[in-house]
Amino acid sequence: MSEIKAEEKAAAENSGEQDWEAAKAVFDTLKTKVPRPPKPQNAVTIAVSSRTLFNMVAERKLYEDEGLEKYVAFQVEHENEPMKPGPAFPFVKALMNVNTRLRELYPDSEELFDIVLMTNNHAQVGVRLINSINHYGLTIERFCMTGGKSPIGYLKAYLTNLYLSKDSEKVTDAIEEGIAAATMFMPEKESNLSSTQLRVAFDGDAVLFSDESEIIVKQHGLDTFFEHEKEFENKPLAQGPLKCFLEALGKLQRKFYAKNERMNCPIRTFLVTARSAASSGARVLKTLRSWGLEIDEALFLAGAPKGPLLEKIRPHIFFDDQMFHIEGAKELGTISAHVPYGIGQKYNKGKLIEQPKKK
Amino acid sequence: MVSTVQNTDVKQKDVGQAVVVAVSFAAVFEAEPGDARSGYRLGVALPLLQVLQKVNERLLEENPAEHQLFDIILITTDSWQQQQSFSIINSTRRHGLEVSRFCFSKEEDFIESLMQNNVQLFLTTDGNEALQATQQGVPSALLDKNLASCPSEQLRVLFCEDAIIQPHAGSTAASKKSAQQSFLAQLGQIRQKFGMFNSPVCFTLVTSRGGKDSCCSTLKSLRALGVSVDEAYCLGGAPRGPFLSLLRPHLLLSDGFTQLDG
Chain D
1 MSEIKAEEKA AAENSGEQDW EAAKAVFDTL KTKVPRPPKP QNAVTIAVSS RTLFNMVAER
61 KLYEDEGLEK YVAFQVEHEN EPMKPGPAFP FVKALMNVNT RLRELYPDSE ELFDIVLMTN
121 NHAQVGVRLI NSINHYGLTI ERFCMTGGKS PIGYLKAYLT NLYLSKDSEK VTDAIEEGIA
181 AATMFMPEKE SNLSSTQLRV AFDGDAVLFS DESEIIVKQH GLDTFFEHEK EFENKPLAQG
241 PLKCFLEALG KLQRKFYAKN ERMNCPIRTF LVTARSAASS GARVLKTLRS WGLEIDEALF
301 LAGAPKGPLL EKIRPHIFFD DQMFHIEGAK ELGTISAHVP YGIGQKYNKG KLIEQPKKK
Chain U
360 MVSTVQNTDV KQKDVGQAVV VAVSFAAVFE AEPGDARSGY RLGVALPLLQ VLQKVNERLL
420 EENPAEHQLF DIILITTDSW QQQQSFSIIN STRRHGLEVS RFCFSKEEDF IESLMQNNVQ
480 LFLTTDGNEA LQATQQGVPS ALLDKNLASC PSEQLRVLFC EDAIIQPHAG STAASKKSAQ
540 QSFLAQLGQI RQKFGMFNSP VCFTLVTSRG GKDSCCSTLK SLRALGVSVD EAYCLGGAPR
600 GPFLSLLRPH LLLSDGFTQL DG
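Line order of the protein sequences matches chains D and U. First residue of the first sequence? That's 1 in our numbering, and the numbers climb one at a time after it. First residue of the second sequence? That's 360 in our numbering, and the numbers climb one at a time after it.
Hints may be right or wrong, so weigh each one.
As the list claims (entries may be wrong) - With a straight-line cut-off of 20 Å between C-alpha atoms, the simulated EDC-like cross-links for lysine to aspartate or glutamate are:
hint: 1; chain 1: U; residue 1: Lys579; chain 2: D; residue 2: Glu79
hint: 2; chain 1: U; residue 1: Lys552; chain 2: D; residue 2: Glu69
hint: 3; chain 1: D; residue 1: Lys346; chain 2: D; residue 2: Asp167
hint: 4; chain 1: D; residue 1: Lys39; chain 2: D; residue 2: Glu111
hint: 5; chain 1: D; residue 1: Lys24; chain 2: U; residue 2: Asp572
hint: 6; chain 1: D; residue 1: Lys286; chain 2: D; residue 2: Glu331
hint: 7; chain 1: D; residue 1: Lys312; chain 2: D; residue 2: Glu231
hint: 8; chain 1: U; residue 1: Lys579; chain 2: D; residue 2: Glu81
hint: 9; chain 1: D; residue 1: Lys84; chain 2: D; residue 2: Glu104
hint: 10; chain 1: U; residue 1: Lys504; chain 2: D; residue 2: Glu227
Hints listed in this document are in silico derivations from the structure and should not be mistaken for laboratory results.
So that you can see chain D by itself, here it is in the shape it has in the complex:
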């Protein structure tokens, strides 16, 4: 039985290799010298939806008011007009910049970011999307336009490391399937983001770490939480949905350190947590250390609002599991991404949300 499986696996790998070599041959002959996309297993694959990459608010409204056919017809009619940038746009540009720096230092390496457009849109709308991508010179060479089908299977087929969408249901499905994912929100005011350094901010509990500690806070209160964290200071927290993405970023950072570029590293990571350094911070730092992960700056707010601090940090993306923090960040101009994971989803500002009775 296992012999057959091994043969099948070998056959699949072989045909995968053939697909790869064939693509390499095509890209190598392209006159425009577009760098060919890396093999999915080597790259850090970021899948973005069309509405996170571009601002499609008006078009979305048309779809909701007048239906699919009118929406597609409108997009086709306007397909030579590029769309405006969406919430993930600065993040994508920052990823591209990191790739440029990586290619300078490691011209033959495939350990790069690979950006994939993963959209539910009908393929005919795709023409406008591709034209817009070309208009801004974005290096996105792979896409899936699923015409309404769920993207989850395709996310897995691309070995996706992070999925960004405006649709919280899809994001929740992705997280349930073990894929790091977040729902993006457009900030309410513009801010000046770095064009030379990718800056990513993470909340701790229920984002990098599991929600085990948050459960204690919600169900037993802060005092119990502090006691618990002190007692278990040396026991690493379980991992959360974004831990692997932080890990992927760390791996790329080390490539810069290896070439003496630590001071000039184009990736910087931030931990922005409501925990306080004194009473519950140690466990977090020790957990990261036990995972062999570094975070560049750890900011313990001891319950203070995150908005003003994030405004100073100016990350290209900020991940948090609680909508309360997302709202606060958005208000002050931070591009925020909600991670719908853990006990935080059942609460709003500390109060348990009434769940509608299931039919």
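Using the hints, position chain U against chain D.
Below, chain U alone, put in the same frame as chain D:
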């Protein structure tokens, strides 16, 4: 020598307007092991025939006077099978297959039988047959047991760069072009009879090799031929296997149409 027998159980389609799909006998029926007299059991093509029938049903629901339907005919050059013509026709009836005609010919007249019957798509499990047909300008597709896992309510047609059959260079290019184009145009017309939601036909484009721009221009070429693709996947070298098993197409058609511009 080509002989054709009509299936009197099935209403004959309008020859001028129907899309004639010829299926090789071996794809539809497998001889029962042992005794051939015990009849035939259904082969790999069954799910495809059923979904084509489903599309016809939906077309007639939209317009009871519809003439642009799929017209399914069975073709065989096997002389043993020809001697069994009675039991073949019986088996077809027994399984409720909407096959309108049976075509029997000698092997050397096989292409002639395709031409005589105005076949626009030839389906077979035999690679050689498919290659022959393609070289003579009849679009062909190879069928295999993966059909069993395809959806039964929707015909899924996949356009891709390298289908199983590649025509040799130097075959009669012009007539092949027009046969391809007219077949694609008809498929496109059938698709247009349904809306975007709940369509019994779905067109998918998958490009493995080139980047987004070549995929996009293929999308537009298809559109120019009247084929409005519903889903598009640009793999850029990522392995095709996982995608095909998600897409579950009934038919894989090569994008010979990109050569139509040349």
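Okay, the hints, checked on the actual structure:
1. Lys579/U to Glu79/D: Since the Cα atoms of Lys579/U and Glu79/D sit roughly 12 Å apart, the hinted pair holds (cutoff 20 Å).
2. Lys552/U to Glu69/D: Cα-Cα ~13 Å, so holds.
3. Lys346/D to Asp167/D: OK: Lys346/D and Asp167/D at ~18 Å, within 20 Å.
4. Lys39/D to Glu111/D: holds (9 Å)
5. Lys24/D to Asp572/U: holds (16 Å)
6. Lys286/D to Glu331/D: Status violated; Cα separation ~32 Å.
7. Lys312/D to Glu231/D: violated (34 Å)
8. Lys579/U to Glu81/D: holds (16 Å)
9. Lys84/D to Glu104/D: Between Lys84/D and Glu104/D the Cα gap is close to 30 Å, so the pair fails against 20 Å, i.e. violated.
10. Lys504/U to Glu227/D: Given that 20 Å is the threshold and the Cα spacing comes to 61 Å, the pair is violated.
Hint compliance for this structure: hints 6, 7, 9, 10 are broken, all remaining hints hold.
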